[in-house]
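K.L.:
Chains as they are written, first to last, in the numbering used here: chain A, 1 to 272; chain B, 1001 to 1128.
The hints are simulated quantities; they were obtained by calculation from the structure and are not laboratory data. Please note that a few of the clues may not be correct.
[Stated by the list, open to error] Covered stretches of chain B, going by a simulated chain A footprint (3 or more residues, C-beta under 8 Å):
1. 1043-1052
2. 1092-1104
[Stated by the list, open to error] Simulated restraints, written as ranges between beta carbons of each label pair:
3. Gly1098/B x Asp11/A: 45 to 55 Å
4. Pro1078/B x Arg192/A: 32 to 42 Å
5. Lys1022/B x Ile243/A: 42 to 52 Å
In this text the structure is predicted, and so the values were computed from the model without any measurement. Just so it is clear, CB atoms sit at the ideal spot from N, CA and C, and this is done for glycine as well.
Next come the chains, spelled out residue by residue.
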Amino acid sequence: MTFDEIHALADLVRRRSGVIVDVDKTYVIETRLAAVARRAGFTTIGELIRELMHKRDETLTWSVVEAIASTETQFFRDRTPFQQMRDDILPALAARRSGPVKIWSLGCSTGQEPYSLAMLADEEGGRHPGMKLEILGGDLSERCLEKANSGLYTQFEVQRGLPARLLVKYFDKIDDAWVLDPRIRHAVQLSRLNLLTDIRGSGPFDVIFCRNVLSSFDPPTRKAVLERLAGVLATDGYLMLGINETVASPAFRAQPDKQGLYVRDPAFQAAA
Amino acid sequence: MPEEIRPVKTCLVVDDSRVVRKVARRILEELDFEVAEASDGMEALAWCRTDMPRAILLDWNMPVLNGIEFLQQLRREPGGDKPVVVFCSVENDPDHIGQALEHGASEYIMKPFDSDIIESKFVEAGLL
């Protein structure tokens, strides 16, 4: 890829998804584009980029944006957010809510995060009788959502973060694939979602997981998305960011000693 | 303040493949374990009778005494309830995994493995 091509591509991805592409990581971009080029029938990445820049093919454009903006994930990633869910957040919400508790997993990629939440809810169900969870997952990438919807995972994927006890409890093995229990799969509703344009009008949610997503945005986009999230989060709801993400926003207050966990700042008037 | 001295953690690697033992040793030493090796369940049992390790990385299919037979015998030894056992086997079906957990294994690694998988399973098992 030429210097101009990489910068044109980075600009396209930023405008469509908000994601800032590290233009120095040419190898990452090329690896991800190689798969898109192959599927779309191009012999080189250069051909794909020229087609992209000269014709306005929306399907091709989005498959490129999705491929570059997508993130890696794993079951129970970072562990502590799920421990906080189990020990603090679910008990608090179970005590306060009579209706269903709504949880949103944003940037859910291939589904490991919302499914981990659904397994956790199933495990903890006995401790909170009557509590009903509605778990929604959203991601920009159609391909990731298709995989999430299939509920099929490789041996490699089920060995990352998923305890063996939960693997045998919630998965079945068919040929080489590990198949998620349909009961857990159906406990999660997945939909395509662009954080730049599709937040308003949803909710209100009691918990929003938005981990390792905002840090790929530029500061003004990050601020705008956070304020919109504040608009769809219940006033006593929780926002879970990535474990190493700290975000300064007037809309949220960090929770002391809880990495990545934020609550609404009551002084902030959300522009929902 | 003197630096805190941490007790030495030992991990016994039980596998009939020398290559697997070597790979596992390298990974476990990176994770600050002192590593001992045994090539079958009988050898492992002899090792445990002299010095119970903190952790055991255990293959399933081995000559003389296989992994699950070793685990059953280990749990009957004095102090044999202490070691944290993580299976590491090519057997990769729910039945084998369920059986290993029932016999008191804490975690199960399906081969092939890499350092990330060992590390994350050892975290799950409370060893790291």
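K.L.:
Against this structure, judge whether each hint is valid.
P.N.:
Each hint tested on the structure:
By the rule of at least three residues with a Cβ nearer than 8 Å to a Cβ of chain A, the coverage given for the stretch 1043-1052 of chain B is violated, with 0 such residues. Check on the stretch 1092-1104 of chain B: 7 of its residues sit with their Cβ under 8 Å from a Cβ of chain A, so the three-residue criterion for coverage holds. Between Gly1098/B and Asp11/A the C-beta distance comes to about 52 Å, which sits within the given range of 45 to 55 Å. Checked against the given bound of 32 to 42 Å, the beta carbons of Pro1078/B and Arg192/A, roughly 59 Å apart, lie outside it.
Taking the beta carbon of each, Lys1022/B and Ile243/A are about 34 Å apart, not inside 42 to 52 Å as hinted.
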